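Generate the whole structure from the sequences, applying the supplied hints.
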Amino acid sequence: MTPSDGYALIALCLLPLSVSLVLFAVPSGRRRIVVSITGLASLLMLALSVYVFTRYSFAGQQFQGVLAWTWMQHVGFLGEKGIQFKVGVDGISASLVLLTGVVVVPATWVTWKVRDRMKDFFILLYLVTAGVYGSFVLLDLFFWFLFYELALMPMYLLIAVWGSTRKEYGAMKLMMMLLAGSIFIFTVIFALFTHVGAGTFDMVTLLEAKKELWFQRAFFPVLVIGCGTLGAIFPFHSWSPDGHAAAPTSVSMLHAGVLMKVGAFGVVRIGFQMMPEGGAYWAPALIVLGATAGLYGAISALRQTDMKLLMGFSSVSHMGYVFLGLGTFNAIGWSGAILQMTAHGWMTALFFLLIGGMYDQSHNRDIPNFSGMAKQMPVWSIFFIFASLASLGLPGLSGFVAELHIFIGTFRAYPIVGGIAVLTAAITTTYLIRMLAQAFFGEMNPRWSHLQEITWLERAGAAVLALAILGLGLWPAPWIARIAPSIINIPGITL
Amino acid sequence: MDQAWILPAIPVAIFIVVALFGRLLPRQGDFLVILGGLTVVGLVFSMVPGFQGAFHEGHFAPDGANAFSFDWVNIGQGFFIIPFSTYVDAITMVMLPVVSIVALMVMIYSVGYMHGEARYHWYFAVLSFFIAAMLTLVLSGNLIQLYLAWEGVGLASFLLIGFYWERQSAAEAAKKAFITTRVGDVGLMIGIILLWRATGSFDIQDIIAVAKSGQIDHTYLTVSMLFLFAGAVGKSAQFPLHVWLPDAMEGPTPVSALIHAATMVVAGVYLVARFSPVYAEVLIARDVVFYTGLITAVMAGTMGLVASDIKRVLAYSTVSQLGFMFVALGTGAVGAAMFHLFTHAFFKALLFLGSGSVIHATHAQEVESLGGLRRKMPWTTTTFVIGSLALAGVPVFAGFWSKDEILAATLEDAPLWTYVTLAGTAILTAIYSTRLVLLTFFGAPRDHHAYDHAHESPWIMLGPLVILATLATVAGFFALDQVGQSLGFVGGIGQLVFLEHAHPFTEPEWLLAGIATLGALAGIGIGIAYWHGDARRAVAARQWAPDLHALLVNRYYMDNLYQAVIDRVILGLGGVIAWFDKRIVNETGVDGGAQTVGYLGYRLKFLQTGRIPNYALGMAVGLITIAAIAFGKQG
Amino acid sequence: MIPIQSFLVLSALLFAIGFYGVLARRSAILILISVELMLAAVAINFIAFATYRDPKAFSGLVFALFVIAVAAAEVGLALGIVLRLFRERRTANVDEANSLKW
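Residue numbers (my numbering), protein chains in the order written: chain G, 1 to 495; chain Z, 1 to 635; chain A, 1 to 102.
Quick caveat, the hints were computed from the structure, so don't treat them as lab data. Just so you know, not all the hints are guaranteed correct.
Said to hold, decoys possible - Straight line, CA to CA, 25 Å or less: simulated SDA-like cross-link-like pairs of lysine to any residue:
| # | chain 1 | residue 1 | chain 2 | residue 2 |
| --- | --- | --- | --- | --- |
| 1 | G | K375 | Z | L24 |
| 2 | Z | K582 | G | L179 |
| 3 | A | K101 | Z | A616 |
| 4 | Z | K605 | A | S99 |
| 5 | A | K101 | Z | I612 |
| 6 | G | K167 | Z | A578 |
| 7 | Z | K582 | G | I225 |
| 8 | Z | K582 | G | A180 |
| 9 | Z | K582 | G | T292 |
| 10 | A | K101 | Z | R167 |
| 11 | G | K167 | Z | K605 |
| 12 | G | K167 | Z | N586 |
| 13 | G | K375 | Z | R611 |
| 14 | G | K375 | Z | H363 |
| 15 | Z | K582 | G | M176 |
| 16 | G | K167 | Z | D217 |
| 17 | Z | K582 | G | S28 |
| 18 | A | K101 | Z | R611 |
| 19 | G | K119 | G | V105 |
| 20 | G | K375 | Z | A118 |
| 21 | Z | K582 | G | D306 |
| 22 | Z | K212 | Z | Y291 |
| 23 | G | K119 | G | S28 |
| 24 | Z | K582 | G | E453 |
| 25 | Z | K605 | G | M172 |
| 26 | G | K211 | G | H74 |
| 27 | G | K113 | G | R31 |
| 28 | G | K113 | G | E453 |
| 29 | Z | K582 | G | L423 |
| 30 | Z | K605 | A | L23 |
| 31 | G | K375 | Z | L155 |
| 32 | Z | K582 | Z | Q595 |
What the hints assert, rightly or not - If you want the footprint, here are the derived chain A segments under chain Z, 3+ residues with CB under 8 Å:
| # | stretch |
| --- | --- |
| 33 | 37-50 |
| 34 | 74-83 |
Quick caveat, the model's predicted, so the values are computed rather than measured. Using N, Cα and C, we set each Cβ at its ideal position, and we do this for glycine too.
Structure follows, in structure tokens:
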């Protein structure tokens with residue numbers, strides 16, 4: 001990746017932002033224009049994401065495509081580098097950029113179904129997208145935090161206006177918890193800034209600067225609480241099931257698929273990469289939290305009847321695996337954790353897309369109310385079964401690759417916890433297969449004979465995600481090749 | 001040999017084509033699947049000459065057996081590698097013909113049996129997928145790839161058991177099969193990782209080499225091998241995870257023949273056989289294998305005695321015979337186990353396909369409502385009887401040879417009482433297979449509606465029956481070294497099955513063979529004497545010992561036990577955790593936090609009285625305080 | 001020359017009386033008058049210090065003038081408020097004007 005590829009990264013931040021601005025100018029009634037703008041923009045984002053991912057060369061430096069413009073310097077407490085608009089990716093964020101690109105396209109497609117104020121929906125949705133991309137590609141903590149908040153804020157409106165069931169409650173809870181988390185992140189950012197004392201928010205400088213041991217140990221847990229809240233780490237997960245249940249389809253997709261990964265990514269980037277010794281010190285705590293979340297989410301999911309709530313708890317469980325993998329603090333577990341972010345992102349986006357496609361017609365998500373849906377909606381059911389199989393870690397699909405690495409990494413560090421993690425996978429199987437057997441097989445419930453098959457756009461979106469899941473599951477080498485060198489660069493990590 | 005990856009690649013390609021475009025193809029693409037099956041059989045037999053002659057040197061040596069390999073995952077330039085590789089050796093060469101031939105027979109048979117079904121192309125597509133996964137399983141040179149294929153066959157089994165998913169029972173059975181085997185797979189996964197942890201490799205031959213060199217702690221190795229065996233228990237339906245196989249009979253009958261009798265369920269046997277050099281190092285683990293097999297053989301045999309569904313009887317019989325194989329593995333007689341696997345695949349597939357022929361003709365599965373079918377279905381009857389004789393272990397037929405080997409191995413290497421138990425189970429086998437034949441084909445027809453409806457099946461179904469019947473008759477002769485040598489294997493088949501400590505099959509041990517024969521004939525005699533085609537006897541058996549009968553019919557209440565554990569314990573725990581999450585974490589923690597803030601705000605707002613003197617007083621006090629602090633600092 | 005202490009004591013007394021009036025009185029008019037007393041005390045302070053430090057400089061005197069001007073403006077505004085209050089409530093008692101809360 002050459003520095004000029006940094007323009008692709010900038011485009012990734014600014015494209016969704018400018019689409020939001022352009023959409024302001026479009027009259028609300030002209031749905032066709034909104035559809036064509038967003039359709040084009042989403043495909044462009046996918047193309048750029050694929051470009052960034054493929055161009056990232058694992059033989060080169062850790063951060064590639066680095067471009068920087070100084071925004072403020074030599075003012076007050078700012079030094080030479082000051083605040084820069086600086087982009088660049090390492091292997092980890094490159095893989096997450098691809099994750100985002102693949103989720104955005106189907107999320108855009110399903111949003112075209114929104115009847116009520118679609119333009120406004122898109123303005124907010126693309127603000128979120130811009131925030132997410134910014135969090136992945138920006139290399140300056142000041143702008144990083146700006147884009148991070150940009151990704152959170154529109155969520156409230158998206159859920160409270162276009163949501164379903166207890167939408168005001170879900171939106172408020174989600175917003176309050178995530179903003180509370182932001183306070184912790186904010187604290188850590190400024191603590192880092194003053195502790196390093198270089199007068200800059202440049203991540204690379206902060207990464208390379210020497211930080212005292214006490215500082216790292218003191219502030220690492222603060223950051224984990226902050227970013228972990230967005231990553232739905234136990235016990236700060238409570239927004240996730242309610243928030244997901246309340247959110248409209250594409251918001252759930254983007255939120256569970258991508259935004260939660262921003263939280264985990266924050267733990268990686270600001271936590272482990274900038275405070276590696278603190279990370280090493282607190283890694284066992286992450287193991288405990290991750291394993292607990294995995295088991296806890298899976299067992300809770302056993303008793304859920306609302307499909308989206310079930311997926312919410314499933315997400316808690318799967319994100320628990322991510323933190324478990326990070327807690328192993330060895331390269332195998334870490335590869336698994338990063339892969340799991342991608343794997344879970346696509347899989348859960350597919351789930352929410354499908355649940356949304358059905359809920360739009362039935363206005364019901366209660367699993368016991370359904371049976372034999374495979375007869376009424378075969379394509380939908382096939383995709384749903386596919387997603388479930390990916391979720392329960394069937395080999396050949398993305399979840400397996402990630403979980404395998406996490407299991408092996410955990411076994412390497414703590415065999416007993418590894419055993420618990422593998423057992424969790426069996427519980428995951430149980431709740432998913434129970435849902436399949438109840439809702440999809442058996443005699444069809446005539447109450448749903450009016451339901452239509454999901455639309456062609458939804459099928460296309462599901463197919464995009466399914467292909468991505470298959471691709472990662474069958475041939476993970478391109479991901480591993482990009483992720484592993486960046487992981488090994490972290491000081492103190494065991495191979 | 002290094003091109004062995006082509007074997008699974010062919011059915012995978014066909015699976016993709018038929019699954020996606022099957023509806024558009026002529027005949028929904030079934031001919032493609034059969035063509036693929038034929039090609040695989042052809043290729044397998046083209047591999048056989050590579051094995052001829054090489055065995056007398058104590059190692060099989062087709063060149064480049066492991067040449068095909070690539071890194072699936074590579075972290076840190078070779079620090080952590082998951083390779084994909086094929087490995088073809090003697091054990092593989094037993095599995096490959098079994099898988100490919102039975103698969104081809106089942107495919108051809110299915111053309112007749114599944115004719116006119118909805119989702120016809122889907123059935124064939126999944127069949128093709130299953131064969132690909134099964135071939136990958138037996139060809140894989142490393143454990144991750146094996147696990148991948150292991151789950152792949154599990155998925156195919158899930159999809160095919162649930163093929164008639166409109167039936168609630170089929171959906172339940174598919175669910176049960178998937179979850180139960182998955183429990184075993186947890187063990188397998190843990191076993192694989194534990195072995196990797198000790199050896200740093202996923203390659204099966206590397207692991208065996210390290211384990212044999214004694215570098216691994218003995219207890220650790222024992223635990224690892226037990227976990228590995230847990231996977232085999234789940235997949236091969238051994239006690240205590242055997243409960244899914246009888247229910248799996250909800251799938252189409254050809255599927256039961258292929259997946260739940262001949263191939264997938266023997267994957268566990270294959271796995272343990274593959275690791276037999278390691279099991280020979282850890283005798284405790286091997287004893288666990290032995291006793292698990294013994295318990296399963298006895299339990300399933302007794303349950304088969306009372307089952308009334310023709311397919312369920314065969315399913316119990318399969319579980320029981322798999323138990324025999326594990327018994328053989330537990331004594332270290334890998335050759336005997338693989339040999340029984342080989343013969344059992346043919347005669348059990350034959351029996352299932354025969355029962356499928358009956359079901360196809362009568363649409364009835366309860367043996368008590370059948371009877372007298374031999375007049376209407378002569379071919380089916382003949383082939384079914386051959387299969388039963390093989391199952392019962394009557395000399396000449398295939399089952400005799402292999403079961404005899406297992407009994408001999410038990411007598412040699414295990415306590416005497418286990419031999420007696422196992423021999424008793426063999427007699428039991430003869431009894432229930434006789435019962436099945438008599439009640440189905442002989443005597444007077446009991447359900448005239450079914451009987452009048454019955455007709456001989458079309459030739460496309462009878463053809464595979466005849467071929468399998470032939471194999472069920474002659475497959476046992478491979479055991480004789482003379483036959484093996486005449487086919488070009490210098491060391492005889494004994495060495496083809498297992499290289500080290502090969503048990504020579506030069507001549508049967510006449511005494512044991514005599515006992516076994518007598519046992520089989522006695523069992524058949526008892527069966528004929530008792531039932532001789534009279535359904536009232538079946539009812540009488542129920543009245544003779546109602547408690548025992550209820551125990552057996554209810555499968556030792558294990559299903560009920562598991563159901564209770566799932567309902568009460570696991571779902572109960574789920575309820576507790578869900579309650580905890582809802583009440584404690586969410587309503588107390590999160591909502592409670594929000595409410596506390598709200599309450600504090602409500603309380604504190606009363607400080608705002610709205611009365612000017614209060615505010616003025618506050619200002620004054622504040623001013624004085626500040627002044628006092630300022631002066632205090634100066635002073 | 002009269003010592004500065006006398007002015008300061010006078011000013012402090014005036015301020016204290018005014019302060020007491022602000023805190024203790026109920027009538028808005030009386031509170032206003034008390035505030036005027038406090039302002040007057042401050043003005044006396046300014047003038048005293050100004051003369052004491054440099055009789056030729058006018059800055060302290062100017063401040064005193066400012067204070068008087070601000071006091072006048074303040075009284076104008078405050079009386080307007082009191083007038084409105086009286087029109088609304090028929091009372092100038094500040095205890096009864098307590099709706100600015102919660």
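Discussion item. For a quick check of understanding: which of the numbered hints are violated here, in increasing order?
Written reply: 10, 11, 13, 16, 17, 24, 33, 34
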